[in-house]
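Protein chains in written order, with the numbering used here: chain A, 1 to 721; chain B, 722 to 806.
Just so you know, these hints were derived from the structure itself, not from any lab. A couple of the hints might just be wrong.
[To be verified] Listed below are the simulated EDC-like cross-link pairs for lysine to aspartate or glutamate, each with C-alpha atoms no more than 16 Å apart in a straight line:
#1 A:Lys444 with A:Asp416
#2 A:Lys268 with B:Asp772
#3 A:Lys664 with A:Asp644
#4 A:Lys309 with B:Asp743
#5 B:Lys765 with B:Asp795
#6 A:Lys134 with A:Asp69
#7 A:Lys7 with A:Glu159
#8 A:Lys268 with B:Glu770
#9 A:Lys263 with A:Asp583
#10 A:Lys309 with A:Asp375
#11 A:Lys593 with A:Asp583
#12 A:Lys290 with B:Asp743
#13 A:Lys268 with B:Glu773
#14 B:Lys752 with B:Asp795
#15 A:Lys134 with A:Asp251
#16 A:Lys478 with A:Asp644
#17 A:Lys155 with A:Glu135
#18 A:Lys478 with A:Glu672
#19 A:Lys290 with B:Asp757
#20 A:Lys290 with B:Glu783
#21 A:Lys46 with A:Asp60
[Unchecked claim] Interface residues of chain B toward chain A, partial, derived using beta-carbon atoms under 10 Å:
#22 Gly734
#23 Asp760
#24 Pro767
#25 Glu773
#26 Met775
#27 Ser804
#28 Gly805
All C-beta atoms, glycine included, are put in the ideal place defined by N, C-alpha and C.
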Amino acid sequence: MPMEILKQIKYMPARAAGGCTDRILRVDLSRREINIEKLAPDFKDKYIGGRGYALKAIWDGTTGDTRYDSPENILIMASGPLGNEPGFPGTGKFIVGTISPMTGTFIDSNVGGHFGPLLKLAGFDALAVTGISKEEAVILIDGDAGTIAIAEAPKYDKETDDGALSYGERLLKEVNNGEYSDCLAAVSAGRGALHARYGVIHSLYYDRRRHRIRAKQAGRGGTGTVMRAKGLKSIVVRSSLPKANGNHPVDKAGVRAAGRALKQVINKADPTQLHLSAWGTTILSEYMDKFHIFPVENYQYGQSPDSVKLFAHVFLDNYFSHRLPDGCYYGCNLACAKGAENVALTRGPGAGRKVSVDGPEYETVGAVACMGIFDPQFVMEYNWYCDQYGIDVISTGVTTAFFMECLQRGFLTVDDIGYELKFGSIAAANKCLHQIAGGRGFGKVVGQGVARGKKWVAHKYAARHKATEDEVMAELNKFGMEVKGLEFSMYITKESLAQQGGYGFSLKGPQHDEAWLIFIDQVYQELPTLEDKAAALKWFPLIRTWFNATGLCKLHWIDVRNPEAAATDEPSKNLPTLAHYVDYLNATTGSHKNLQDILDDSERLYILQKLINLRQGKGTRASDQIPLRAMAPAFFNEYQSRADYYDRWLKQNGGARKLPASPKQRHKMLIERRKREYQQLCDAVYERKGFTPEGIPEREIVAKFGLMDEKAERLLGEMGV
Amino acid sequence: MKPDVKVIIEFLGMQRSATGADRIEMPITAKSRVDDALDYVRNKYPRLELDEGMVLVTVNQEIAPREQVLKADDTISFLPFISGG
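Okay, chain B solo, but in the shape it has when bound (with noise of 0.2 Å):
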């Protein structure tokens, strides 16, 4: 895959304020996973809490297990559970 295919990671919420960003970018390769994301972001921005009891991954807005492999341009968010008050 060419050096500069990439997917959105995007911050919503709490997020947005924890690292001062609404989304940032991230090279992949052909066998880079929702993972790799993770660690991605977890290096980039150590205080943000991305555990599995904390946040769901979604990929295009859908739920996306840890080890899906990403596709060039795919938009990457992490989810807090909402259950509606």
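Looking at chain A on its own, in the form it has when it is part of the complex (with noise of 0.2 Å):
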């Protein structure tokens, strides 16, 4: 079908040395122009790349009352310097970065597949995309033709159109005379993006083992709403250029080294651990429901007795293809992204017909569970539904499970809803989800996220009961699962003060990519201090944010522990694993840094995300509180069902010579205790991270990273800082 050319250019693709092209390529929808970005070759040394070059963007671009459908409201796509390199595993990583409409301020959201290195090899470190179209639109960036498109969005047929699979799949053909190749690679969002915050963007490249396209997405914050927002429905790219050394490293011989290196960790340790390249991420069920983790009931429990309905060989026995090495890019052996084949949908507008399905992940089994579901089957369909209508697994099943609750609590009637949205009905939760990706009926308030669900409940509650507002709000408050706007990712913090924070300070809301401390802290005891607690919710984060910053995977790092960490001195750092990443980073760019630059690098990165936040009115002590579930039980339920482990964690931690008699008593007594603790760990981490008492950076770290500029200046000033 020929494609209706709205603008294109052509342009002589840059080529990657020391892993970066120094070129942005810069869209604006609104204004149909197309620009290529020149940096100063110092701009990489400050922003990395990445997560970086996003935060950089939005800094820049727009202000405190951008909103993610404002026109200056950028998305922005990059990988980083390190991506794109077969010889090195997890090279596939991209951010998305934007303004969220779930949280209102930064958001970025990593991705693996093609569409990242691709890019690179088209000749850019990063996309920028502004504007709004006035048609529905797509992007074209073709590295062999040496063209960049503005097209109007090739109609096909209804089904195809809606779906966010079903239309990029379509477009990666059709830009390649009908046949898929792994010189392309998309990007696309679906109908449901244009109905709930919380759409996404699937990331999809065509695997040459499967025969088929695959799609990995970037999930969190609503990425995918803003993208169709701007009325962008998908971005083609593509590159025939040789991946291997595609970013012309400084040192060939030192990245192989390191690839090398990385890949024997993985090869010796991960069969023996996780073994995530059998079981991909559901092996994770089985050890959170061990240890009281697992969200069932909108995090209520850590476990049921019918999780064991959900563990991993339950998918790998039924629905995984096996002996299929599930890479996500060239070169991974780690190989987490499970797939299944020929999987019948028995339910929703697709029922009969057999569909692939990219997962289930932990996450979107955990998704599940929270809604009290246990049928394998119904994570398969729930998987594909939510991949092809475009919206995110984890915010659908937490904002379904909070509604369910509110039916539970009393707060809402099945007149409310329209029907009986309870824990555990299959039938209900399936109504729901399509309902929230067409825009009908509830579906339109699930749809808006915990946070908006939750004042839509307590107006309601309110006028009925002469309550206030304010006081129903108290109440949703201890189980809304959301801070700063997004619903937390699938684990339970109750008994971690550390992963608490993990949860609470994370600059985007609460999603474990910045922190994920809660075996370190609950299982392996290595933090028992407050000040070990905040140490970590520092280093953490940092390390964290750099693999986002460089187009890496961090599953190769923090998922499979080197043998060596053993004998040194904080094993759960896995530092000669980080080794082979200090080298692989000093051989591909040239640079002579150790770990600690790294940190500096990334804390740069990481001020200027809080400094967005500030901006956007989500960057102070307020923004980083939890709900109350998230530190402890919170309702009398959840108490009795561990009440012997409470009043035990009471005598040893909660410094009382006497339990109260009343189990109500020693609940409350339980709570206060909890609260008093997240409190000095807020305390304790802002300290060590050089901010005020509310959270705010002081000057002198703002100015250390090289960040004051006029702006910062203002904000800090406005904040009496």
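Given two chains presented individually in distinct reference frames, assemble the corresponding complex, making use of the accompanying hints.
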């Protein structure tokens, strides 16, 4: 089908050198302008790549008044200097960054696949899209032909056009004479993103082993909703340049050596540890359930006798394709991107069809358990429908579960919802899912997420119960699992103070890619003091931010423990493996950095993100507060479910010589202790990070990292710092 | 200690696949330690790798040093390192 080209330019793709092209492609959909920005040579030294480039673009190009659907909002996609190296595992990652419809501040979501690497081969470290297209549009970046175009989005049939997966798949074929190729990749957003605030962006790539297009998701914070708000349905990038050595590293042999060393660690350790290469991340369900971390029924209970129905072996035995190395980019020997073929849909508009499912990941399994459902077939279908509609499995599940609990606790009635949206009901959860994606019925409310859902419930309940909305909100805040407007990812934090901070201080909201300290704290007991926890809450977000700035997957470092780490002082940092990353960085870019240099580089980005949060009204201590359920059993039924454990905890940690006789008093005492602990943690962490007690960076910290420009000066002045 | 005094050793995740068992029992004496449980499992399942750098040992869901003395009905498991993706 011929596409109507709205604007096209010719260009000469820049070749990467030392991992970077020093070019950003800027596309303004309102003005139909396409420009190539050449970066100063020292830009990458300061902002690294990936998240750093996205942060800098948002800081410079938006204001405190910018909303997710403002024309000036920027949708940025960027790999990083270490992305695209098949000789080193896990280099397919790129970042999608923007102002979020959920949080109103910067969100970045990292995603695997081929798009980031191919964008770099086509000549760009980053793509920044602004404006709003009058017509639904696609962007075509063809490094082979040397053209970049904005085109009217082709129309096929309604089913194809509505689906984030189906539309991207069709487009990838159309632009390549009817054939799939691994020289092309796409991003796409679906119909669900038009109606829900938590639309995702798919990263679509051709899998030569499965002979089909596969999908990974930039899932958190509504990046797909921003994309559709811009009138943009898909972006395709093409480059036939060789991927091997595509970064033109300064020291090829050094890159090969670092990659070989890391691959050896993975090959040796993963099969005897989590074995992600066989099970994918579904293996986590069993361990989370065992340690009361599985988010059953809106995080009320960490365990269920039914959880075993969702353990990894169920998916391995019944769904996953066996013996297929499933890496999302070349050279990855961890290969955790599991998938299933010929899954028969039994529900929804696609009932009777057989589909390919990419997943489930642990988060999808957790989201279904969050709704009190333990049916693996429903997990598969939920996974596929969320993907096809283009909505986030996490926010969909957590928001649905919040409303289920509102019904359970009498904040809503069946009449309010239109049907009995109760925990464990597949029929109700399924109905809600399709309503969310279609913007119909109660789904319109659920599609707004927990933060806005709380306000909706408070308004309704207050009106008919002679209560104030503030009073109702105080109750809903106990179990509405969001911080800064973003829903929690799928881990219960009640028993890990460090991870309460891991979610609460996370700049984008409670997504664990900034810090995941539950096992280190709760199980391994490696962070016994407040100071230990505060130190970890500084160190881990910094190193994790670095991964998101460089185009790298974190799993090879964080989820495969190098056996040599056992002999180090801090085994959880897995420093022997990080040494391979430092070697890889220096070999690629020609730098001579050590781990501390990397942490310093990362801290600059962390502080810049904090400044953006402050500017957008999400940067102070008030925005770091977490729901009661994240720190304690919010209601008595939760306390009762583990009363012996909680009483023991009170004796060991509560400082009380004698516990109150009444269980309800003990529950109250527990809540008070936990609340106090969290505030103590806030104080300790802010001090450690160089922030004021209100969570605002001190001027010296901002200046130290070269970030004290006019805007930062004014902002900090307004904050009284 | 009576000869039928025992502990439970449970297998999680890939360990279950490797051993074909959810759990086994091991008889203990008053002096049996975590190390003895590791030796017991190694003898029974030589292909299961339980080196210190590869797994952590928990007793009743708490990390246990190798020299910890076992009590009747303790539950022992071998935990991979999980750091949350």
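Notebook entry, point to check: Holds or violated: Lys478 of chain A with Asp644 of chain A, Cα cutoff 16 Å?
Noted result: violated, 22 Å
Next item on the list: Sort out whether Asp375 of chain A lies within 16 Å of Lys309 of chain A, counting only the CA atoms.
Entry: At roughly 7 Å apart (the allowed maximum being 16 Å), Asp375 of chain A and Lys309 of chain A satisfy the hint.
Notebook entry, point to check: When you check the alpha-carbon spacing of Lys765 of chain B and Asp795 of chain B, does it fall within 16 Å?
Noted result: Outside the cut-off at roughly 19 Å; violated.
Note to self: With the threshold set at 16 Å, check whether the alpha-carbon distance from Lys752 of chain B to Asp795 of chain B stays at or below it.
What the structure shows: holds, 14 Å
Margin query: Need the status of pair Lys290 of chain A, Glu783 of chain B: alpha-carbon distance at most 16 Å?
Written below: holds, 12 Å
Check: Close enough to count: is the Cβ of Met775 of chain B nearer than 10 Å to one in chain A?
Finding: holds, 5 Å
Checklist line | When the least beta-carbon distance from Gly805 of chain B to chain A is tested against 10 Å, hint result | finding: Because about 3 Å separates Gly805 of chain B from the closest Cβ in chain A, which is inside the 10 Å limit, the hint holds.
Notebook entry, point to check: Hey, Lys290 of chain A versus Asp743 of chain B, does the alpha-carbon distance stay inside 16 Å?
Noted result: With Cα atoms ~14 Å apart, Lys290 of chain A and Asp743 of chain B stay inside 16 Å; holds.
Note to self: For a C-alpha distance cap of 16 Å, please report whether Lys134 of chain A and Asp69 of chain A respect it.
What the structure shows: Within the cut-off at roughly 14 Å; holds.
Check: With 10 Å as the cut and Cβ atoms as the points, is Asp760 of chain B at the interface with chain A?
Finding: Violated - the Cβ of Asp760 of chain B stays beyond 10 Å from chain A, reaching only about 17 Å at its closest.
Notebook entry, point to check: Measuring from the C-beta of Ser804 of chain B to each C-beta in chain A, is the shortest one below 10 Å?
Noted result: holds, 4 Å
Notebook entry, point to check: Taking the closest Cβ pair, is Gly734 of chain B under 10 Å from chain A?
Noted result: Holds: closest Cβ of chain A sits about 5 Å from Gly734 of chain B, inside 10 Å.
Comparing the model with each numbered hint stated earlier shows that hints 5, 7, 15, 16, 19, 23 and 24 do not hold.
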